[in-house]
Amino acid sequence: MGTVLTRLVRAEWAKLFSTRVWIGLLVGACVLSGAFAALFTAFAGNPDSGLPPLDSPEYGQLAFSLATNATVISVVLGIIGITQEYRHRTATPTFLATPQRGRVVIAKLLAYAVAGIGLAVVVCAVTTAVVLLYGNARGNAPDLSGDNLRVLAFAGLALVIYTVIGVGLGALLKNQVGAIVAALVYLFVVEPLLRSVPATAGAYKWLPGGALEAMTATFQGPDLLEQWQGALLLLGYGLAAAFLGTLLAVRRDVV
Amino acid sequence: MHGLTKTFGKVRAVDDLSFTVEPGQVTGFLGPNGAGKTTTLRMALGLITPDTGTATFNGVRYAGLPAPMRQVGAVLETAFHPARSGRDHLRVYCRATGLPVGRADEVLDQVGLGPAGRRRAGGYSLGMRQRLGLATALLGDPSVLVLDEPANGLDPEGIQWLRGFLRHLAHDQGRTVLVSSHLLSEVEQTADRVVIVGAGRLVRQGSLAELRAGSAGSVLVRSPQVAALADLLRGDGTRVELTDGAPDGVTVSGLTTDEVGRRAFAAGIELHELRSHTSGLEEVYFRLTAGQEQYAARTEQGAA
Ligand SMILES: Nc1ncnc2c1ncn2[C@@H]1O[C@H](COP(=O)(O)OP(=O)(O)O)[C@@H](O)[C@H]1O
Ligand SMILES: [Mg+2]
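Taken in order, these protein sequences are the chains called A and B.
Following my numbering, the numbering of the first sequence begins with 2 at its first residue and continues without gaps.
Following my numbering, the numbering of the second sequence begins with 5 at its first residue and continues without gaps.
Treat the hints as calculated values from the structure; they're not laboratory data.
Given the structure is predicted, the values throughout are model-derived calculations rather than measurements.
Treat each hint with caution, since some may be false.
Claimed, not checked - On the chain A side, residues computed to face chain B include the following (Cβ under 8 Å):
1. A15
2. K16
3. P94
4. F96
5. A98
As the list claims (entries may be wrong) - Chain B is nowhere near these chain A residues, computed Cβ spacing over 10 Å in every case:
6. L33
7. L133
8. V178
9. L208
10. L248
All C-beta atoms in this analysis are idealised placements derived from N, C-alpha and C, irrespective of residue type, glycine included.
Given the sequences, and given the hints that come with them, work out the whole structure.
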């Protein structure tokens, strides 16, 4: 079983790296987080922007939390990882090679969790580089230590978990475009709305976005969980998505 | 396959279907479109869960085979990521099943796709896609091959190649081949046996020779005394009809040429022509499945 799973994880990586999709996603993630980091550094302390000044502790945590802007790419990476099998109908040869479909999905979850780690490391490095270099150029860069370092680590963890959530979501919805659109609408419309409407703001902290925000909490903002609670909650979402996705992929006919 | 049944909504795609495929032979799995061939094969391969019934390979369900790709190779449809090269596609399944990745190049050569292996599969012609599918099935060097409509969309040259290739796999290499088609002509030259389905049910199974024997032959006779001859031959189980376009000819069914000749000679009737006519296999297949196709179409509309 151990070796079977290793084989399957390797096969997933072979799939991932034999097309160029991953390059696009990686570049996109770096540009996204790097651009936000540059933008925030540029306007830090600017009274019109409402951003805290460069030398404040608030700014330090905010700057390193910007790596989480790439969570949308993580989700898409996970979604593509599984829905491409349905889109290009390779689910058939994949499940012919491994009729124990649960193993295939678990291998995908593992393979993409690791791919998510790779993505997170690069994104965190890019964010850090921009924050430090540009900050220094502007005269004052935050330290990469203490709370700041913890925020960066949690941001990286969030990127990994969002990749796993993407795999689970993809397994649930099967349709690639549908799953990506659903994820984008949820992340950029539904959650921000729930967060800002007073009636639902209380529930927001229990959503993935609320958990993410708790993990990389900056000082102002809505009512949130503790940092570690947020991490656990997000992990719970990841596992739930993985479990449901596995269950459905195993049960459904492949036609 | 034993007692397989599968219903999609109101459509009973496969209905209590049982048959056996003999080892070392090519078995043609025939039936009009919508007869349930694809559904049957997908159930056999563990991709669709049957409502009832089981399908086994040497007594073992597909999902229970210890190394399925090494025992059963299947081509169900051309499935590959268009941006991945044919070679990389094959290497993925080598990794997944623990086969050496070098197998990818071997099977590419085997199906004559060697030089195109490193190109993106999205740019392949239909024939090349079918070859890539076959190559995938052959990766594990399986003793059983299951192919669903492999000739679909192939040009005559591709079909010719496919026939030869299947014959080679079965007759020279001793593999068991189950190949589905809605056209008899596609399997007629390759298959040893056929299993014919219509509307999800078994219509007929047996060797091609048995199927041919089931085709009732008739005898064509020409004679200047055609009316007398017709009176003479007409009788129990014998049908005599005027032959179209030949005023002095009749078509006799139910008698052999020997018998017709003997009776005419005894009655002193002069014959100008006496020959047997066997209806082709195609006609037999058509007769066996003609009604089924309408039935299949009707149930489909009923569900819509
Ligand atoms: N996934 C499906 N959902 C609904 N109906 C289906 C599905 N697959 C096949 N059918 C129906 O089942 C019947 C048999 O289909 P199929 O097995 O594809 O036949 P064949 O391969 O012999 O052409 C058809 O009436 C078809 O419309
Ligand atoms: Mg079919």
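Going through the hints against the structure:
no., hint, result
1, A15, "holds (5 Å)"
2, K16, "holds (5 Å)"
3, P94, "holds (6 Å)"
4, F96, "holds (6 Å)"
5, A98, "holds (5 Å)"
6, L33, "holds (23 Å)"
7, L133, "holds (37 Å)"
8, V178, "holds (16 Å)"
9, L208, "holds (34 Å)"
10, L248, "holds (14 Å)"
Figure legend: structure checked against the earlier numbered hints; every hint is met.
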